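> For reference, the chains in residue letters:
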Amino acid sequence: MKKINTILVIFLLLPAFIIAQEAPKEKVKSKPVRAPFSCPTVIDYQTVYIPTAKTLEFVIEHRFDKIENISNLFGIYGSSNIRLGANYSITNKLSVGYGITKLRMLSDFRIKYNILEQTRDDKMPIALTAYGNMGIDGRSEKYFGMDYKFTNRFSYYTELIVARKFTDWLSIQVAGNFSHINRVDSLMEHDKFGITFSGRARVSPQSSIVFNYGIPLNISAIQEHTTLTNAPQQNFGIGYEVSTSTHCFQVFISSSTDLSPQYIMMENQNDWTKGDLFFGFTITRLWSF
Amino acid sequence: MKIFKTVLLFAFAGFILCSCEYEWIQPEKQPIPDNVSFSGDIMPIFNNGCNTNVCHGAGGTAPDLSEGNAYNALIDGSYVDTDTPEASILYTTMKSGTMKPYTAPGDEEIVLGWIQQGALNN
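Just so you know, the sequences run in chain order A and B.
Take the position in the first sequence, starting the count at 1, then add 33; the result is the number in the working numbering.
Take the position in the second sequence, starting the count at 1, then add 46; the result is the number in the working numbering.
For the record, the hints were derived by calculation from the structure and aren't laboratory data.
Just so you know, these numbers come straight off a predicted model, no measurement behind them.
A few of these clues could be false.
Claimed, not checked - Calculated cross-link-like contacts (lysine-lysine; reagent style DSS-like; alpha-carbon spacing at most 30 Å):
hint: 1; chain 1: A; residue 1: Lys64; chain 2: A; residue 2: Lys135
hint: 2; chain 1: A; residue 1: Lys87; chain 2: A; residue 2: Lys156
hint: 3; chain 1: A; residue 1: Lys126; chain 2: A; residue 2: Lys64
hint: 4; chain 1: B; residue 1: Lys146; chain 2: A; residue 2: Lys126
hint: 5; chain 1: B; residue 1: Lys146; chain 2: A; residue 2: Lys175
hint: 6; chain 1: A; residue 1: Lys62; chain 2: B; residue 2: Lys146
hint: 7; chain 1: A; residue 1: Lys62; chain 2: A; residue 2: Lys156
hint: 8; chain 1: A; residue 1: Lys182; chain 2: B; residue 2: Lys146
hint: 9; chain 1: A; residue 1: Lys182; chain 2: A; residue 2: Lys64
hint: 10; chain 1: B; residue 1: Lys146; chain 2: A; residue 2: Lys307
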């Protein structure tokens with residue numbers, strides 16, 4: 034009887050031994066950090082965040098008029114710029130989208146690809162995302178002058194975004210970007226490199242303080258004019274973000290009226306140090322299929 | 047799927063590279079009349095998008111560029127400088143400022159011509 038009991042115990046424990054033997058052979062996969070950014074955009078620029086596969090985003094971006102005084106209710110009763118857009122995540126790492134903006138009646142097609150994800154064990158200390166868009170100016174032909182061609186309407190923006198979630202409450206990203214507009218005014222440039230800084234400081238489980246700062250780089254080697262008549266201004270924005278798994282809401286102050294990054298980089302004439310600031314908000318709704 | 051993504055990526059990159067151009071806007075030659083008329087030359091520019099809805103229409107953002115109000119709004123609001131026409135806020139805003147995206151090439155020169163001729167309510 035004792036012998037049978039011993040065999041029975043060995044038989045019952047055998048699977049545990051087998052599992053214990055096999056466990057070291059399994060390759061432990063590093064997990065990505067949880068949400069370095071909760072929203073696809075941070076005020077005027079993109080973040081490294083891409084929603085999970087088969088998620089549809091609907092984005093409403095709104096910018097009010099310049100903050101002046103109570104007579105225009107600090108810009109809220111003035112003119113506005115609005116962008117309506119939709120993005121779809123084809124995979125966890127790739128999303129595509131389309132949007133239309135009131136200013137210039139600009140249609141834009143965009144693509145965003147997550148190249149690297151920051152991991153919890155820090156084997157990969159950063160997240161790296163590529164973003165590109167192509168804009169089509171939808172205004173009447175007369176805005177393009179003589180010898181008009183349809184391709185005169187095109188503009189482009191490409192950027193590489195590097196982000197790091199430093200702590201549970203602080204994420205920072207830096208992006209290098211390149212903008213191009215096919216046909217510009219005689220005083221303007223066709224190309225512009227730029228750099229942007231953005232960040233999110235979480236103040237509660239669902240809300241954060243967000244900021245961004247964009248710097249157009251006036252590189253003489255690629256400049257077409259020896260002196261820039263209307264050099265683009267640096268762009269500053271700061272705001273408050275509330276996010277859930279299906280919504281993202283940002284309300285902010287920004288020095289840009291444009292909602293298209295290439296035009297912010299190339300044509301923004303608002304100087305935030307002189308008080309050229311605008312209230313704005315962005316609402317993002319996500320549906321997972 | 048990987049091949050599909052690669053083809054898509056190359057097609058997208060190819061399209062972008064092939065459609066990049068370096069062209070300048072050459073304004074249609076619009077002769078500036080010897081006597082620029084505020085009602086005949088300037089108001090049609092404002093009526094072409096400036097004074098609609100909440101932009102610079104009646105009750106919208108200053109200056110009010112609607113019919114019957116535009117002249118007084120521009121003069122009283124000091125948007126026009128007949129001593130130094132090129133420094134007029136109306137002109138600089140249309141030429142290179144925030145209203146540039148709404149200004150058809152050449153329209154700002156007609157406005158400048160009107161200011162140089164004394165900014166008359168004619």
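> Take the hints in turn and mark each one as holding or not.
Hint-by-hint comparison with the structure:
1. Straight-line distance between C-alpha atoms of Lys64(A) and Lys135(A) comes to about 41 Å, which puts the hinted pair past the 30 Å bound.
2. A distance of roughly 28 Å separates the Cα atoms of Lys87(A) and Lys156(A); the hinted pair therefore holds under the 30 Å criterion.
3. Proximity of Lys126(A) to Lys64(A) is assessed by CA-CA distance (about 15 Å); at most 30 Å being required, the pair is judged to hold.
4. Of the pairs offered as hints, the one joining Lys146(B) and Lys126(A) is violated, with about 38 Å between alpha carbons and a cut-off of 30 Å exceeded.
5. Between Lys146(B) and Lys175(A) the CA atoms are separated by roughly 13 Å; this keeps the pair inside 30 Å, and the hint holds.
6. Restraint check: the Cα-Cα separation between Lys62(A) and Lys146(B) comes to about 53 Å, which exceeds 30 Å; the hinted pair is violated.
7. Restraint check: the Cα-Cα separation between Lys62(A) and Lys156(A) comes to about 11 Å, which is no more than 30 Å; the hinted pair holds.
8. Restraint check: the Cα-Cα separation between Lys182(A) and Lys146(B) comes to about 20 Å, which is no more than 30 Å; the hinted pair holds.
9. Distance hint between Lys182(A) and Lys64(A) is unfulfilled; the C-alpha atoms sit about 50 Å from each other, more than 30 Å.
10. Between Lys146(B) and Lys307(A) the alpha-carbon distance is near 20 Å, which keeps this suggested pair within the 30 Å criterion.
Of the numbered hints listed earlier, those contradicted by the structure are 1, 4, 6 and 9.
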